Amino acid sequence: MADKKIRVLVAKPGLDGHDRGAKVIARALRDSGMEVIYTGLRQTPEMIAEAALQEDVDAVGLSILSGAHLTLVPRITQLIQANGQDNVRIFVGGIIPDEDVPKLKEMGVDGVYGPGSPTHAIIDDIRKLVNKDA
Amino acid sequence: MSLQDSVLQGDRLAVSRLLTQVENDTPAGHAALNQLFVHTGKAHLIGITGAPGTGKSSLVNQIALHYRQAPQPLKVAIVAVDPSSPFTGGAVLGDRVRMRELSGDSGVFIRSMATRGSLGGLAQATAGMSQVLDAAGFDVILIETVGAGQSEVEIAKLAHTVLVVDVPGLGDDVQAIKAGILEIADILVLNKADRPGVEAAERALLGMLKLGHPTKHLVQHHGRLEEVLAPADDAPVDDWLIPIRRTVATEGAGLPELLEVLAAHKAHLQNTGDWQRRERARLHTQLQDLLQQSLMASWRNTVTDAQYTDALDQLVARKLSPRQALQALLP
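Same order as they appear, the protein sequences are chains P and S.
The opening position of the first sequence corresponds to residue 1 in this note's numbering, with each subsequent residue numbered one higher.
The opening position of the second sequence corresponds to residue 1 in this note's numbering, with each subsequent residue numbered one higher.
Treat the hints as calculated values from the structure; they're not laboratory data.
It is possible that part of the hints are untrue.
Subject to a maximum C-alpha distance of 16 Å in a straight line, what follows is the list of computed EDC-like cross-link-like pairs (lysine to aspartate or glutamate) [stated by the list, open to error]:
| no. | chain 1 | residue 1 | chain 2 | residue 2 |
| --- | --- | --- | --- | --- |
| 1 | S | Lys266 | S | Asp305 |
| 2 | P | Lys5 | S | Asp25 |
| 3 | S | Lys157 | S | Asp274 |
| 4 | P | Lys4 | P | Asp56 |
| 5 | P | Lys4 | S | Asp25 |
| 6 | S | Lys42 | S | Asp139 |
Label pairs and their computed distance ranges (CB to CB) [unchecked claim]:
| no. | chain 1 | residue 1 | chain 2 | residue 2 | range |
| --- | --- | --- | --- | --- | --- |
| 7 | P | Asn131 | S | Gly104 | 26 to 36 Å |
| 8 | S | Ala281 | P | Asp124 | 44 to 54 Å |
| 9 | P | Ser66 | S | Val97 | 16 to 26 Å |
| 10 | P | Glu46 | S | Gly53 | 24 to 34 Å |
| 11 | S | Gly104 | P | Thr119 | 31 to 41 Å |
None of the values given here were measured: they were computed from a predicted structure.
The beta-carbon is built from N, C-alpha and C at its ideal position, and this holds for glycine as well.
Chain S extracted, bound-state conformation (with noise of 0.2 Å):
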């Protein structure tokens, strides 16, 4: 039998092995993905992502843990990035320490992968992994992004839904952070949830959503007051109101409530065409990835190492502008 073959009867070694195929992105891999992308695109593709330390491994354990123990449990797959040196190209990949509950149940699928040298809080085969996680017949694929900064967006590209993770008590220190990331989120979380501070936190969470969505307002109208819609001129307006759930991982408070607004989000999607959308836009960025990657190997062949140093060296002599050198090189 083949390995898609295997894959798709749930093999766990079969899928453990095309997921290793794929991350290194082999001739074998690509072959498989090939014959599995039909099977694909069923999965809900659900993102988590947050500063170092917001707890984003725990709520990940817990989140899957309630799909679990749900009436009717969903299969998990968890997909979780950790970086890599940008030195040695090393990893220690950390996020199983805070999942052990998970384990021994054949309805979970938990996945370590490194950065690899991306940058975007993603590695670079993390779409095709949860591509052979989808065919591979999981209902909820979590990802879980490295500790995030402010562009470390490229989760909203590939998500259906993403979660954005806060804790109490970062201070002024994180509304960087927050300008960065929130403009992702569809969920925002405000984890460790009993600590104090969690009140002026949930405040400045609240105050960040109120600039970005139309509120309701109150106005006066023929001496009556009424509810509109502001602001009116705003192109068509996203009805999804950004909700805010206060959790504790460590315990599972929150995690009911949380499950539902997940359950309402993808009803959302689907509701209004937007998981069509994502869909689209996510594709559309893997297809761009792709061509930017196989026209720059293209390219490099067209070009000898003699020429391309030429090139460089008459750049850093002045003798030629970065755009000259670029006229140079292309054919």
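Just chain P, same shape as in the assembly (with noise of 0.2 Å):
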């Protein structure tokens, strides 16, 4: 029996155009033994939500750097759930200003991680989250 894996979508939305942080999650998370489906840059709302749909991906982890997550993180959650995958867990990392982090977390997101957030912290987090749907 093949073991199951977690599945985690890494995107990038937006037009801010500098992915090494998220290359960098996307490294720590294969590392971690999660596999994850990277997107590369410039992801619109429908984009991600259809990939995480394609995927059946546990977990869509979003790199946002512009200052447009409040714009873009509530259109991929209702995309998300209006794809029927009210089960997919969404985590935001990049330049968040701690004000919008209850907000963001309103909007369905299950974490928000800044600079210099420790990956092993991300990674304990998806586990435990997606393992409490299992």
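Need the complex rebuilt from these two chains, each delivered in its own frame; the hints are there to steer you.
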């Protein structure tokens, strides 16, 4: 029997062109034994939701440095919900002002990680939340 | 509605969830595949293989785009395989990066998968997953293997048509790769054909091909020049002469011509009965794989861990040979 692997979509919505953070996370998740689907730069919310659907992921990690998180994130969570994937966990990383964190959580985001977040904390959170679903 | 009924109706979430069940080898996945199997066997399975960095993903993207833009668009599913880490079991599946133009098209379904320990360029579940997509009504299933070296030739047992992708300028180092993987090609694609060295690369491929299959020779016969197929004493002559097509996948150049030979190969398989032969070979392989797994699993139940360790210890101590240890462990 093959093991159940945690599958995570790592995506960069919006127009900022810096994907180092996303790649660091992708690599860290890989090294923790997860399967990471990496989509590359400049994804629209529609592209991200479609990829999450086709890949049947357990979690979606969004890297946003542009400040557009309050516009992009709700659109993405709505589309993922509309696709019937209400069990998908959403994580956001990047430059997120502290006062926006509660707003994002209200929008259905499970975790927000700024610069300097230890990758093992992110990995632990994903494991905890995804296993709770199972 | 059951998962398999939703899949037959083309429900994308159901397809996606069943793919996960099949990939994870669950009882639910087995049950659904049992029901769906009768609906499979319609899709054209096209394998795309070649060394890492030859542009397989970009080529898959363009092939899918051209099938979608054809006068009668075909529904296209893509299964893209990338390697799992041998150390952690994790993977980064990055083939979608090259396929963004396919986004938003409901006639396309892209699924990435990790090899999860398989070595032949595919994962164990790739065959089952392509059956799900076949049953879901996709006309063409493009299967992209991991970046292949010499022995990643499993795709030849799964696909109806195998594209082997090569690029100019890899130089002599690539000869070894060609020797391993050329044999499984139905169509050779010379991608990145806008790069220098494309003529030499094509000559090298042509030269390799001419050694392999009968070519027309001109011979003197009663004072006239006649064309004959050589070697004449070969077993049934497979008249599919492997074509070479140049492409520039990032721009879509050469793609209409590539689609033409894909259609020609499908027609060839159907006209010669090779379609059925490959179908049979594929199912034979799948059956054998399942037999191996299942016999292994049921044998494992007949031996205790202590017995196994004992045999291994005696083997290490050179008290038993490997075959004697085998005898000790078999019922």
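**Message:** Need the list of violated hint numbers for this structure, in ascending order.
**Reply:** 1
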